[in-house]
Amino acid sequence: MKKYIWSFILLGCTIACDKDCLKKMTDDCDMHNLKIIDPKCIDLSKYTIRQDTSFQYGYSTCIKSILGKGEIQWTANNSIRKLIGGYYLSFSNYSDSTWRDLEYWAFLREVILIRIDKLNISKKFITNETQYKNDTSLNYGLYNKNFDDFFGEAKWEIDISKQSYLSINKIDTLNSNDIIVSGEYDLNFRLTKQSVDPKFQYEEIIRFRCGQFKVKLF
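The opening residue of the sequence shown carries number 1183 in my numbering; numbering runs sequentially from there.
FYI, nobody ran anything at the bench for these hints, they're computed from the structure. Fair warning: there could be bad hints in the mix.
Quick list of the computed label-pair ranges, beta carbon to beta carbon [as the list claims (entries may be wrong)]: (1) L1356 / I1224: 25 to 33 Å; (2) K1217 / S1343: 20 to 28 Å; (3) D1209 / D1278: 16 to 24 Å; (4) K1381 / N1316: 35 to 43 Å; (5) D1278 / I1342: 29 to 37 Å; (6) K1305 / T1243: 17 to 25 Å; (7) S1277 / T1243: 13 to 21 Å.
In silico DSSO-like links for lysine-lysine, alpha-carbon gap of 30 Å or less [what the hints assert, rightly or not]: (8) K1344 / K1306; (9) K1352 / K1381; (10) K1222 / K1337; (11) K1352 / K1251; (12) K1398 / K1315; (13) K1352 / K1315; (14) K1337 / K1381; (15) K1375 / K1352; (16) K1222 / K1305; (17) K1315 / K1217.
Being a predicted model, the structure only gives us computed values, none of them experimental. Where is the CB? At the ideal position from N, CA and C, for every residue including glycine.
Using the sequences and the hints given, assemble the complete structure.
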């Protein structure tokens, strides 16, 4: 009887731990105790960013989360530009950051692109490109993973079954030419194009949460 009682207690503790771990991977923004559960998960590889202040990109950090696989602190250079059709905010990182006067895309590894309609202080909900094509007033996002100089080896779109957003919290005008934009984001992506290389098989669902960015408008 005692054996069954202890088995029941241990089972209850395991369930509680699973719930706590799940809650941590969905709610907690503390980046000091992130864990990699599956060390073979290639989507939890870390890349580098440009630290050179002469390089005209801002900086962003967030938690890259894959349920059941683990989490890492994710960093990227980011930029925002006004183009035809809206403002485009990009997040990028690299396999090597020492390149100069070279084709940077050979080192480009991860790219998130967010299109927003207006540059104003607000919380902007993000959808996928398909819905945007049906209604161009919507905001949409994409995520690409590159290998060597093969752009778009794997692709993800916003998972519309979950809520994704980008909040612009502050817009500072330093002078007539310099506008600094800062804010937060939480983005959920679903795989739409898998790598053709069987050695590089990417995760179906990826979340970038607790994101913060600060960037200069070009």
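How the hints compare with the structure:
Restraint check, L1356 to I1224: a C-beta distance of roughly 40 Å breaks the suggested window 25 to 33 Å. For K1217 and S1343, the Cβ-Cβ distance of about 26 Å falls inside the hinted range of 20 to 28 Å, so the restraint holds. Checked against the given bound of 16 to 24 Å, the beta carbons of D1209 and D1278, roughly 35 Å apart, lie outside it. For the pair K1381 and N1316, the supplied restraint of 35 to 43 Å holds, since their beta-carbon distance comes to about 37 Å.
Here the CB-CB span from D1278 to I1342 is close to 35 Å, well matched to the stated 29 to 37 Å. Against the hinted window of 17 to 25 Å, the Cβ-Cβ separation of K1305 and T1243 comes to about 19 Å, which satisfies the hint. For the hinted restraint 13 to 21 Å between S1277 and T1243, the CB-CB distance of approximately 19 Å keeps it satisfied. For the proposed pair K1344 and K1306, the alpha carbon gap of about 14 Å is at most 30 Å, so the pair holds.
Taking the CA atoms of K1352 and K1381, the gap is near 43 Å; set against the 30 Å cutoff, the hint is violated. Taken as a hint, the K1222 and K1337 pair is honoured in the structure, with Cα atoms around 20 Å apart against an allowance of 30 Å. The straight-line distance between the Cα atoms of K1352 and K1251 is roughly 34 Å, outside the 30 Å bound, and the hint therefore fails. Pair hint K1398 plus K1315 holds up; C-alpha atoms about 28 Å apart against a cutoff of 30 Å.
The suggested pairing of K1352 with K1315 holds, with an alpha-carbon distance near 29 Å, which does not exceed 30 Å. Taken as a hint, the K1337 and K1381 pair is honoured in the structure, with Cα atoms around 16 Å apart against an allowance of 30 Å. With a C-alpha separation of about 35 Å, the suggested pairing of K1375 with K1352 is violated against the 30 Å cut-off. The straight-line distance between the Cα atoms of K1222 and K1305 is roughly 36 Å, outside the 30 Å bound, and the hint therefore fails.
With a C-alpha separation of about 38 Å, the suggested pair K1315 and K1217 falls outside the 30 Å cut-off, and the hint is violated.
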